[in-house]
Amino acid sequence: GEDVEQSLFLSVREGDSSVINCTYTDSSSTYLYWYKQEPGAGLQLLTYIFSNMDMKQDQRLTVLLNKKDKHLSLRIADTQTGDSAIYFCAERNDYKLSFGAGTTVTVRA
Amino acid sequence: DVKVTQSSRYLVKRTGEKVFLECVQDMDHENMFWYRQDPGLGLRLIYFSYDVKMKEKGDIPEGYSVSREKKERFSLILESASTNQTSMYLCASNLGTEQNIQYFGAGTRLSVL
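Chains as they are written, first to last, in our numbering: chain E, 1 to 109; chain S, 1001 to 1113.
Hints in this document: simulated from the structure, not taken from any laboratory.
There could be a bad hint or two in this list.
To be verified - Here are the simulated DSSO-like pairs of lysine-lysine, each with C-alpha atoms no more than 27 angstroms apart in a straight line:
#	chain 1	residue 1	chain 2	residue 2
1	S	1053	E	70
2	S	1003	E	96
3	S	1057	E	96
4	S	1053	E	36
5	S	1057	E	36
6	S	1003	E	36
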């Protein structure tokens, strides 16, 4: 989606932390999301954050939101081979979700 | 658990054929969506339906139509398939709550030859 931008590729060593970054343009977005797509599968919601929050943590996942810079990040602690996937950032625009192009995360041993 | 089922995982069709992609959800969701996914472009919304027989165009509706005769079923129709419609097609549904979380099917990979 043209309004949501994220880098296309990330390579990380198993056990390290992964950080996936995203920028969005609509300052009125109320919710922002991270979805995960494993090979051959549809998208699965990982987590979401309400726009009045700065941070949300859920087990190995940490979401940081900087509203001033319209920047969203997803940190995965202790990255495992099962974390290899495409990660999509999305923002809510009314009834729609606008998605980024997706970041392909490759976990190497 | 919410289940969104797309009838085919893979389809191969010829240019000019009429193609139907079917999607069924089992959670009584009001809203259903069709996206296409292309590498480097992410997901782009084709059509959206907020009720039976109701539809709205998304960002790329050209060459597509949709049908929603029953609440649980949302069909995407390619009236005359073209090679540039070769893509992964994803269906999603949601309840229309404030969080607007969409639940996705596994996708249909369509090849138009």
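Taking the hints in turn, this is what the structure says about them:
With a C-alpha separation of about 37 angstroms, the suggested pair residue 1053 (chain S) and residue 70 (chain E) falls outside the 27 angstroms cut-off, and the hint is violated. For the suggested pair residue 1003 (chain S) and residue 96 (chain E), the alpha carbons sit about 20 angstroms apart, so the restraint of at most 27 angstroms is met. Between residue 1057 (chain S) and residue 96 (chain E) the alpha-carbon distance is near 11 angstroms, which keeps this suggested pair within the 27 angstroms criterion. A threshold of 27 angstroms between alpha carbons decides the hint, and for residue 1053 (chain S) with residue 36 (chain E) the separation of about 31 angstroms lies outside it, so the pair is violated.
Of the pairs offered as hints, the one joining residue 1057 (chain S) and residue 36 (chain E) holds, with about 26 angstroms between alpha carbons and a cut-off of 27 angstroms not exceeded. Distance check on the hinted pair: residue 1003 (chain S) and residue 36 (chain E) sit about 17 angstroms apart at the alpha-carbon level, within 27 angstroms; holds.
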